Amino acid sequence: MVEIFINDSAIKVKEGTTVLKAAEKAGIHIPHICFHDAFPPEGSCRMCLVEIEGHPCLELACSTQVREGMKVYTETENVRDARKGVLEFILAEHPMDCPICDKAGECTLQDYYEQYGLFESDFLEEKERKDKKVDIGKGLILDRERCVLCTRCVRFLRDITKTGELGVFERGVRSEIGIFGDQYIDNNYAGNLVELCPVGAITDKDFRFKTRNWFLKKGASVCPLCSRGCQIFIEYHPGFARFKVPKRVYRISSRVTSRDQSQKEKGYWICDIGRYGYSYMDKDRAENIILKQKNRPAERGEAEAFLGEKIKKLIYRNKLQRMGVVLNTWLTNEELFLARKIFTLDLELEKVFFTELDTGEKDDLLLTADRTPNKKGAEEIGFEINQIEKQKLFDETELLIVFWSSPFGLGSITELLPELSKVRTKILFTPFKRKWNDAFDLVIPTLVSAEKGGSFTNIDGKVQHFDAVLSPPGEARAEWEWLVSLGKEIEVDFNSYLGMKFPYDVYKKMKDKIEFFR
Amino acid sequence: MIEALIKFLCAIVWFLLLSLYLTWAERKESAVMQDRVGANRANFFGFRILGLFQPLADAIKMMTKEDFTPAFSKRFLHNLAPFLSFFFVAVTISTIPFGSHLMIGGKEFRLQVIDLNVGILFVLALLALSIYGVILSGWVSNNRWTLLGGLRGSAQLISYEVALGLSLIGIIMVFPSLKFSEIVGFQSELLFGWLPKWGVFLQPLGLIIFLMAAMAESERVPFDLPEGESEIVGFFTEYGGLKYGLYMFTDFMKVLIIACLLTTLFFGGYHVPWLYADGFHFPWGGDWLLPHGIVVLFQVIMFNLKVFFFCWLQILIRWTYPRFRYDQLMDFGWKFLIPLSLFNIAATAVLMSL
Amino acid sequence: MFRLFGYFFEIIRGSVITARHFIVNLFFHTLNLFGIKTKRKGAFTIQYPEQKSEIAERHRSLHRLMKRENGKPRCVACMLCQTVCPSECIYIEAAEDPDPEIQKYPSTFLIDISRCCFCGFCVEACPEDAIRMDTGEVELAQYNKDDLMLDLDFLLS
Ligand code: SF4
Ligand code: SF4
Ligand code: SF4
Ligand code: SF4
Ligand code: FES
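So the sequences go chain by chain: A, B and C. Just so you know, this note's numbering puts 11 at position 15 of the first sequence, and the rest follows in order with no gaps. Quick note: to get this note's numbering, add 25 to the position in the second sequence (first position is 1). Quick note: to get this note's numbering, add 83 to the position in the third sequence (first position is 1).
If we strip away everything but chain A, and leave its shape as in the complex, we get (with noise of 0.2 Å):
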């Protein structure tokens, strides 16, 4: 440990600390452009000049370690005049693009300028023309006026990708990012770069010119795209008063959360799966409950009824062994719980299975092999991820309950398709609205993770908690709710279900039950 002095604050950090990273820590700014967490320094922008006592000129605070006894100063004349300097360059050959610049709003250029620039430029040259709309790959746009040349996304893909697909050409004022050729980009992990550079020189196609991102609102969830359960903000748009937008969420972007080194190079990043595969959440979602008899939507209550008294008889004719049950592991720790306290603890069920997971390929940095979010969850929990043994299912069965949650892929549901006309009374809990709903007699809206709260176990055993982002689509309910009155419908053990109000009641009760979750 050293001690150092920040504008005459004392702070000691480790040995081996940058001056900037001393300084966030003591809760103070220094201005950064080409410097990023999650690589080494760079050097390259020149915005983090700081005044190092003892020093002739001034320090770069980023690549700077500290001394025992350094005396830094980040705000005095000599320091301001520098960054003033440094951005009056940089802007020299910026375009000032702002108004159609999907960055501006969160742009560190513009931020800096707001607070360290404010002046008005000497340069009377004309400004260099570059090409502002280069594709370089998996939509990705790069315009070359816009870039500062921080290098982040030359680094990203040199060390944490290790693909290598962008480098810097040409020298001095000419030089620009590139690809090699016709070597595009083509990894899984492209999409960061567009959140890691600092301007808005890479833009993809997904977001570019859809809205302005200070309409957008920021709220935390966690991917169910894979079993790893990246940390990510949905950025949804709430709405204008009086017109329509098109869609709520306008994208995902990833959630720093886990600065702790053994997680450096993972926490930053999300994963092009999880951060374009967000349009489930507005499409072909079910809104209305739907009671097949009654050829109307219907009210939550009737459904509940429904359910409840179908349930009942199958216990007063003491004839539970008719009755089977389909969870998956989209649901969360808290709504596994309640299915495994209803059918396997209360109803003494034998027949629940889960639906096949859904799969791909795995990579080394963050992608899972298994892409639903809670396999681990379920198996902590108690239940056997077992495939779907048709010819129990459907032995003798009245009553199969269908929880479908998974957005992709059609799954295990075609194979049981063709043999639901076997069972006299088929119930489905679902999100969306897909075309093998209407083989339901009770077809229940659900939600999916972004609208509701509740926990999610991921593949390396760690139970991360989210609340709900967006706001359910008409009826749709959450899993738990349905689950937690579908406790007390059938009567078996009414008073567990009290006072469960929230998703973090079900949860304090879990901590009591399962060892694990403590």
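Check each hint, because a few of them may be wrong.
Unchecked claim - BS3-like, lysine-lysine: derived pairs with alpha carbons at most 30 Å apart:
| # | chain 1 | residue 1 | chain 2 | residue 2 |
| --- | --- | --- | --- | --- |
| 1 | C | Lys155 | A | Lys129 |
| 2 | A | Lys201 | C | Lys155 |
| 3 | A | Lys128 | C | Lys150 |
| 4 | C | Lys150 | A | Lys206 |
| 5 | C | Lys150 | A | Lys126 |
| 6 | C | Lys228 | B | Lys90 |
| 7 | C | Lys155 | A | Lys240 |
| 8 | A | Lys129 | C | Lys150 |
| 9 | A | Lys123 | C | Lys155 |
Said to hold, decoys possible - Output of the computed footprint for chain C on chain B, the stretches with three or more beta carbons under 8 Å from beta carbons of chain C:
| # | segment |
| --- | --- |
| 10 | 57 to 67 |
| 11 | 343 to 351 |
FYI, nobody ran anything at the bench for these hints, they're computed from the structure. Owing to the predicted nature of the structure, the values given are computational and were not obtained by experimental measurement. Beta carbons are placed, not taken as given, at the ideal position from N, Cα and C, and that holds for glycine.
Fit chains B and C with the ligands to the supplied structure of chain A, relying on the hints for placement.
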């Protein structure tokens, strides 16, 4: 019977027509006061004549508007309320004397629908009854704001009712009668041989109190708390179309009836100074004898002129002053007007016993 | 008592002022009615549909969108006007222009004039001088509320 009916019809037609044109007068007068032009658009085949068709156009508009009853209110009572107010005010006109007698073919016709021997009390009673329309509409509209407005209205009207009644006691003391015809008769006498013995000269304080209390009764601007336009806490917020029109109309009728009362009680009614049944007898000597018909005509014209003047005055007041706050209004009524009117009674009594 | 007298005096004075206005104005009205021309008029009223008051140079009236030389909208769909609009009455959807110099153009541009408060902030905010409120069009009443939703084609013409 037939006679009374004809007289009543004449009086009510006069009353309603004048009230209708009072709306026009109010718009024009306020406009002229405020350097504007006022309603001048309503036309009949291109003739505008100073917007004189405006009241008719308003009436047609109100009649053709939707007859609206708010949900959960009682339709019958909702309809009844405006008619209650309207009716009680309209009936009062029957006691006002427009002139003395008209002799036709040796038969004597009194230019007054009915000369009750409790005329003043009758008018006061009817004006008080019109409060029921206000309370009823406030309650039956099933809206808490109208209820507040109705309660405010009734509180205001009842408070000022007291001052109104007390201010007239002085008049009754100096002209010992409750009959309008007799009160007017007393005022035809002369004071000191040349000054008409009008109520205003005998009861100046009574006049001021009566004017203020009466204006408060008419629920117009300085005292428009029950309507509360600027805060929409009014008893007729839930009324529209013709029924709303009736409330507006009742307001104007009240203005007119107050002008009539002022004229009759304080300004000698239909009396033209120094005009007697056979013509003028000026106090500085000199007579001008006139036939009977002309004298009656003079009287009726004089009555109308006086009424017009007081209507003008009330409109002037309405467009000059800002409104009271509710507590000021109550303070003014209970702590100022009522003590003052009591003082007036006492002073009158002392002076009369001298 | 003294204060009371003060109130009373002021009340009377108020009435006298309004009454004076009434009488003076009525005098001139009467003269004008009989065709006598006077320098002073009884009222300042402008008889609107026949007589129109001059629109000031810096007025704000119905919006219009400016065009480039080639007839395309000058607007680059930056949505700054939409952002700044206090009545939330502008709605823009952007699309990609094939010309990389322009990049962005509005594919939808709606102004809900029934919500507009004519503050002119949109004009101030526009970096391209693409939206102006200088048409002089102030009679905007419509029988149908939907007609007050102005679209791109209308605003450009
Ligand atoms: S990169 Fe930043 S400064 Fe440059 S045009 Fe975009 S928003 Fe403006
Ligand atoms: S494209 Fe962006 S990240 Fe890459 S060098 Fe330019 S400014 Fe930096
Ligand atoms: S004038 Fe004001 S309210 Fe109207 S569109 Fe422009 S910014 Fe919006
Ligand atoms: S501010 Fe101007 S350029 Fe931007 S969207 Fe509005 S009209 Fe178009
Ligand atoms: S952040 Fe230090 S040089 Fe760029």
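Within 8 Å of chain C (C-beta), three or more residues of the segment 57 to 67 of chain B:
Result for this restraint: holds, n = 6.
Does the alpha-carbon distance linking lysine 128 (chain A) and lysine 150 (chain C) stay inside the 30 Å limit?
23 Å, holds
Please verify whether lysine 228 (chain C) and lysine 90 (chain B) have alpha carbons no more than 30 Å apart.
Holds, at roughly 21 Å.
Does the alpha-carbon distance linking lysine 150 (chain C) and lysine 206 (chain A) stay inside the 30 Å limit?
With Cα atoms ~23 Å apart, lysine 150 (chain C) and lysine 206 (chain A) stay inside 30 Å; holds.
Does lysine 129 (chain A) lie within 30 Å of lysine 155 (chain C) when you go C-alpha to C-alpha?
Measuring from Cα to Cα gives roughly 21 Å; hence the hint holds.
What's the verdict on lysine 201 (chain A) and lysine 155 (chain C), does the C-alpha distance respect the 30 Å limit or exceed it?
23 Å, holds
Check the hint pairing lysine 123 (chain A) with lysine 155 (chain C) against an upper bound of 30 Å on the C-alpha distance.
25 Å, holds
Next pair to validate is lysine 129 (chain A) with lysine 150 (chain C); report whether the Cα-Cα distance is within 30 Å.
24 Å, holds
At a Cβ distance under 8 Å, does chain C reach at least three residues of the segment 343 to 351 of chain B?
holds (count 3)
Given the hint that lysine 150 (chain C) pairs with lysine 126 (chain A), does the C-alpha gap stay at or below 30 Å?
26 Å, holds
Can you confirm whether the C-alpha distance between lysine 155 (chain C) and lysine 240 (chain A) stays at or below 30 Å?
Holds, at roughly 26 Å.
Violated hints are absent here; each numbered hint is respected by the structure.
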